Amino acid sequence: MVLSYTRNKYATITDLEDGSLLVRATLEDSFFACTVEIEVKVPDLEITSIWGEIKRAFNEECQEAIPLLQEAAGLRIGSGINKTISDLVGGSEGCPKLADLILECIDEVVLRFTLPTIKETQSIDEQERIKGTREMLRQNPGLLGSCIAFAEDSPLLKGLELEK
Amino acid sequence: MSTLTFARSKIVGIECPDENTFLAHGILDDYIYALELDVEVKLPDFELSSVQGRWKRYTTPECPKAIAKLQNAVGLRIPEKDFARKIRRVVGKEGCTHFANLLLECCDGIMQAAAYGGWKDLEEKKAAPEKEGYLKRKFESVPGLEDSCMVYARMGK
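Chains A and B, in that order, are what the protein sequence lines are.
Position one of the first sequence corresponds to residue 2 (our numbering), numbered consecutively onward.
Position one of the second sequence corresponds to residue 7 (our numbering), numbered consecutively onward.
Everything labelled a hint here was simulated from the structure, so no lab data went into it.
All values reported here derive from a predicted model rather than from experimental measurement.
Be careful, since some hints might not be right.
To be verified - Distance condition first, Cα-Cα at most 20 angstroms in a straight line; then the derived SDA-like pairs of lysine to any residue:
| id | chain 1 | residue 1 | chain 2 | residue 2 |
| --- | --- | --- | --- | --- |
| 1 | B | K144 | A | F33 |
| 2 | B | K144 | A | M2 |
| 3 | A | K120 | B | I38 |
| 4 | A | K120 | B | K132 |
| 5 | B | K92 | A | G92 |
| 6 | B | K71 | A | P156 |
| 7 | B | K71 | A | G146 |
| 8 | B | K99 | A | T115 |
| 9 | B | K99 | A | G81 |
| 10 | B | K62 | A | Y11 |
| 11 | B | K137 | A | E65 |
| 12 | A | K159 | B | E68 |
| 13 | B | K131 | A | F32 |
| 14 | B | K126 | A | F32 |
| 15 | B | K99 | A | S147 |
| 16 | B | K62 | A | T122 |
| 17 | A | K120 | B | D35 |
| 18 | B | K132 | A | F59 |
| 19 | A | K84 | B | K92 |
| 20 | B | K99 | A | L112 |
| 21 | A | K159 | B | H31 |
| 22 | A | K42 | B | T11 |
| 23 | B | K131 | A | M2 |
| 24 | B | K126 | A | A58 |
| 25 | B | K48 | B | L151 |
| 26 | A | K84 | A | V111 |
| 27 | B | K71 | A | R130 |
Pulled out of the complex, with its shape left as it was, chain B reads as follows (with noise of 0.2 angstroms):
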């Protein structure tokens, strides 16, 4: 029988308890590590307000210093230029870059809250408009999503 050697879940939860603010919450649990994430966000610059973080499972007494350091992402906002490198360098390299993979997981999350949300309400209340015209609105409410893959680089040309 095979049988696993290795697994790992990451879950995100996004809310949206006002138009301005996402909030989100994000574990993180392997074979090795276990910690969660709180992460709130502001319209419209994507700015990242508050980090909060806590360790249930790590491998040295050194790790728990780590969570000073989430506080190191407050400030920078999501679409900026180089915002993954950023988040590695001054979450992950210079804390832990297990809480890093997290939290660009948790603002990944919220980017794709912004630009797909409204799409569900919209379908909810049978109101949705063509996609592409939905999409192009999108275009220039959310920041970067324009020429985030092939399909939109193609659409926004």
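Pulled out of the complex, with its shape left as it was, chain A reads as follows (with noise of 0.2 angstroms):
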């Protein structure tokens, strides 16, 4: 059997030399093509910059839709900001398919500071690397709740004492 419908979503981080992050995302499917480009400054995370361009649409007039990505244009990166970038650039008065590919270079930067802290502990044993997730939570009780390894049951919380 064919595939009747293909899609391919990339994301990718550069750190800049003066330590802003540059993010790209790019979704290419069988109907659809288009980048989304944006500058963060750390460490307030703002976004100083967004650029991106629709390269292939089934509708020409999709391309109007490109100015609403300045709306993000000067956000941080924070609670809130996923439902501020669905409002301002999706929705039914937007463009679902730019806000999402925002949302996922959002998404990006996010994991990109986790990253180092997940390779430090994964480098060590199972005890040890359990001792630097509960270290992680300790630094970040944002996450908890966040998910099954995170939740208030879980094995890895037992007996952590996190601020409120």
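Take each chain as given, in its own frame, and dock them per the hints.
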């Protein structure tokens, strides 16, 4: 059986010389091709610039959505940003595909800052790794309840006191 | 030289074995996690009839328990109100946010295939109608398409 649809979405981060991040997300599927690029200032995680282009779309009118990207400029990556992006760029008054690519970039930034801690804990034995994960939770209490590993009844959290 | 400090790839392929079924196979691979999903969706309600997942790479001994939570998505319908929010809760928060992310990617791909796949077939047969006429017919058979974005909201009026 041949495929009736295919999608390839990828996102990358490059650290720039001034310490800021260049985040690029690209979607290429059977009917649509688009790229969004954002620059994020560190440490305040402000989106300082945004650029994007739609290279291929089912409807030519999709190009009209490109100026909406600028709604994300000046926003800070933090609590509530996903809803803000969806409201300002996505939905029935905007372009959900462009909004989705901005959200992909934001997700990447969060993971990029999580990576060093995880890398550190992965290089040691399991008990030490659990200790490292608990330390990560202690430093990022916002992760509590975010997934099954960080659920309140998770064995990983047993006896762990977190600042609320 | 600038080197990458993070990268993630997501690939979704969709087959249509019969006129009432879509099968999606999704892969997510990034610097931290690697996982796969097989999703079956039945028409006309776009109901998730099967979801199977596999871990390739994860971070804690608790992560494998998230696989069982994929079954929370079975029976949900993609066009229903707050579908994405429900998936983020019952598959993501109760299981794993990365599986929820990939599942939503697969479901979005299925809706795209449902909306535009027919056009591709017609074009190949050199029988494609005007795009607007094609879309207006699709608005009737693909729930949620009509008000999914600014272009379609305008076209539907």
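Looking back at the hints listed earlier, which ones does the structure fail to meet?
Violated hints: 2, 4 and 21; rest satisfied.
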